[in-house]
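The residues making up each chain are set out below.
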Amino acid sequence: MKKEGLLNKTWFRYILNAACILLLFGLISILVSSGVVNRYQAMILIPVGYNIILATSLNLATGFLGQLPLGHAGFMSVGGYASALFSMAVDWPAAIEFPVALLIGGLVAAVFGMIIGLPALRLKGDYLAIITLGFGEIIRVIILNLKFTGGAFGLRGIENHTTLTSTFVWVVISLFVIFALIKSRHGRAIIAIRENEIATESVGISTTYYKMVAFSVSAFFAGIAGGLCAHYLTLLNAGDFGFMRSVEILVMVVLGGMGSIIGSVVAAIVLTLLPELLRGFSEYRLIIYSLLLVIMMIFRPSGLFGRYDFSLSNSLLKIKGKITNSSRKKGATHHES
Amino acid sequence: MNHESVQNNSAYILDVTNLGIDFGGLQALDDFNIQVKDREIVGLIGPNGAGKTTIFNLLTSVYQPSRGNIQVTGRSTKGKTPHEVSQFGIARTFQNIRLFKNISVIDNVKIALHNGMKYSMLSAILRLPSYWREEKAATKLALELLAVFNMQDLADQPAGSLPYGAQRRLEIVRALATNPKVLLLDEPAAGMNPSETAELMSTIRDIRDQFNMAIVLIEHDMSLVMGICERILVLNYGLIIAQGTPEEIKNSPVVIEAYLGQQRGE
Ligand SMILES: Nc1ncnc2c1ncn2[C@@H]1O[C@H](COP(=O)(O)OP(=O)(O)OP(=O)(O)O)[C@@H](O)[C@H]1O
Ligand SMILES: [Mg+2]
Chain R
1 MKKEGLLNKT
11 WFRYILNAAC
21 ILLLFGLISI
31 LVSSGVVNRY
41 QAMILIPVGY
51 NIILATSLNL
61 ATGFLGQLPL
71 GHAGFMSVGG
81 YASALFSMAV
91 DWPAAIEFPV
101 ALLIGGLVAA
111 VFGMIIGLPA
121 LRLKGDYLAI
131 ITLGFGEIIR
141 VIILNLKFTG
151 GAFGLRGIEN
161 HTTLTSTFVW
171 VVISLFVIFA
181 LIKSRHGRAI
191 IAIRENEIAT
201 ESVGISTTYY
211 KMVAFSVSAF
221 FAGIAGGLCA
231 HYLTLLNAGD
241 FGFMRSVEIL
251 VMVVLGGMGS
261 IIGSVVAAIV
271 LTLLPELLRG
281 FSEYRLIIYS
291 LLLVIMMIFR
301 PSGLFGRYDF
311 SLSNSLLKIK
321 GKITNSSRKK
331 GATHHES
Chain S
1 MNHESVQNNS
11 AYILDVTNLG
21 IDFGGLQALD
31 DFNIQVKDRE
41 IVGLIGPNGA
51 GKTTIFNLLT
61 SVYQPSRGNI
71 QVTGRSTKGK
81 TPHEVSQFGI
91 ARTFQNIRLF
101 KNISVIDNVK
111 IALHNGMKYS
121 MLSAILRLPS
131 YWREEKAATK
141 LALELLAVFN
151 MQDLADQPAG
161 SLPYGAQRRL
171 EIVRALATNP
181 KVLLLDEPAA
191 GMNPSETAEL
201 MSTIRDIRDQ
211 FNMAIVLIEH
221 DMSLVMGICE
231 RILVLNYGLI
241 IAQGTPEEIK
251 NSPVVIEAYL
261 GQQRGE
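Order-wise, the sequence lines are chains R and S. Oh and the first sequence: position 288 is 288 in our numbering, straight run, nothing missing. Oh and the second sequence: position 266 is 266 in our numbering, straight run, nothing missing.
No wet-lab data here; the hints were simulated from the structure.
Below 25 Å or equal to it, Euclidean Cα-Cα: the simulated BS3-like pairs (lysine-lysine) are:
{"hint": "1", "chain 1": "S", "residue 1": "LYS78", "chain 2": "S", "residue 2": "LYS37"}
{"hint": "2", "chain 1": "S", "residue 1": "LYS136", "chain 2": "R", "residue 2": "LYS9"}
{"hint": "3", "chain 1": "S", "residue 1": "LYS136", "chain 2": "R", "residue 2": "LYS183"}
{"hint": "4", "chain 1": "R", "residue 1": "LYS9", "chain 2": "S", "residue 2": "LYS140"}
All chains, full assembly: derive it from the sequences and hints.
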């Protein structure tokens, strides 16, 4: 069973991944600072970033827990407003104020996640979808009617804190936390609920507890994404976080593959860039989304990546295996492998 | 934990008195009593629809009883959820297999080792030493448990891709992983061929000896029931109609009548 070689060593895999992340960040910085990618083009990478966070965090509740919440934009707006109101109220150096504001946004969203989750998670399937959908709409209406959120005029004058770097860092943190959670006894409990709730209970796991965990972690990162969004746009409109926004995030998850983190990342990148590339078509965005979904459901119902999860080391191992195999074949010695 | 309730109770692993449940107008089970001692193997037989699976569902709190009491390792299961009762030391397999189909065989077992591990969510996210240590130990233990049925080579397969018999065996391994004091097997030999059944029979005995647990099993395969059970309870229409040693049951006119009556009706 024991496999040898550096690529099979856990510590080496972690270092390899860290190196690639740094490399990617270096590459982006160089492209931006050298002017190959202009400022406008670079800015689009920020929505790409927070959409990645939104899609992967929703995937935790849909793909891994196996529920269908439709209020992700609601958690995003709660987090966005909470962090914006905080950063507007205090006057600390940005390096401290911004991370604290984001964490507050995440925590407030997580608390809302728990409040909604407690009753909603007793229900299943369509019922959960309807309750969370209702929640998203209620949040929107409440924000529209409150004074301190700016009401229908929106919240204006939010400090512009979100940079490419901070977005990148939070994307990495979110991906790592969700990945690390999934690959642990806690994440396995969450996946077990998706697979069979009765069997999960029968081996001594509280399904209620782990549903709440998945739901609030999912909401937490939606809140972080909301904070990044707020401090990027510098104004918030409750109307932007309605049902359609939740559906857009869900489309990313479904297209990428429920239960595949790499799928959510790729789908978030493509579906954020696509409308930008097809500027003229942006009014038809929703039509394109629906079409994509229909086509997808017909040809690849489990999403682009299914439940596949990318591992750099495993891919390298496969490539290595292919190379050694083909060189073996040249030597005309058939090996059973 | 609750010390008193553990101490002042019987030596029985499983102590059930006057258990009953109604589904609407149907009395699916009534006046059911059973006391199971440490390391005992008890058989539960009866025609289809007699209420056998219902008993397992009551013992594991999947259903709450309409009447009666259940004590698992000295603790009452009244009002407890299935996962709480599991932690009292009872584990089960399902008549209609309930594996975590889309994930690997070894992860099916590791999920059941959940409470055997203690590292927190924060330790997992920060990948602290406790995470690495306990995960490594769990993987090793899971492989050892799979080895009970010689399944360690299947560890990386998705559970749903296994043949039927192997899925039944994996359910038993998963149940063992919760470290129970009493193991409930619901038709473990269903769908197995005679040689698989014979092998299962000797493995069940080994499990009892190796892990020191009591076993209650529901089974239609009489060779298995008569071969390994020390005591058999016969159920019909939700009532115990006979109990005794395999010899006594084989020759009981009531039991023969119940089975023949059913065959005539079919
Ligand atoms: N949740 C339920 N709601 C209503 N009726 C039920 C429920 N569960 C079981 N029953 C009924 O209780 C009776 C006993 O069912 P049970 O599944 O315990 O039978 P069994 O002895 O396990 O039979 P088999 O050998 O076919 O598995 C049946 O008449 C069944 O229809
Ligand atoms: Mg049954």
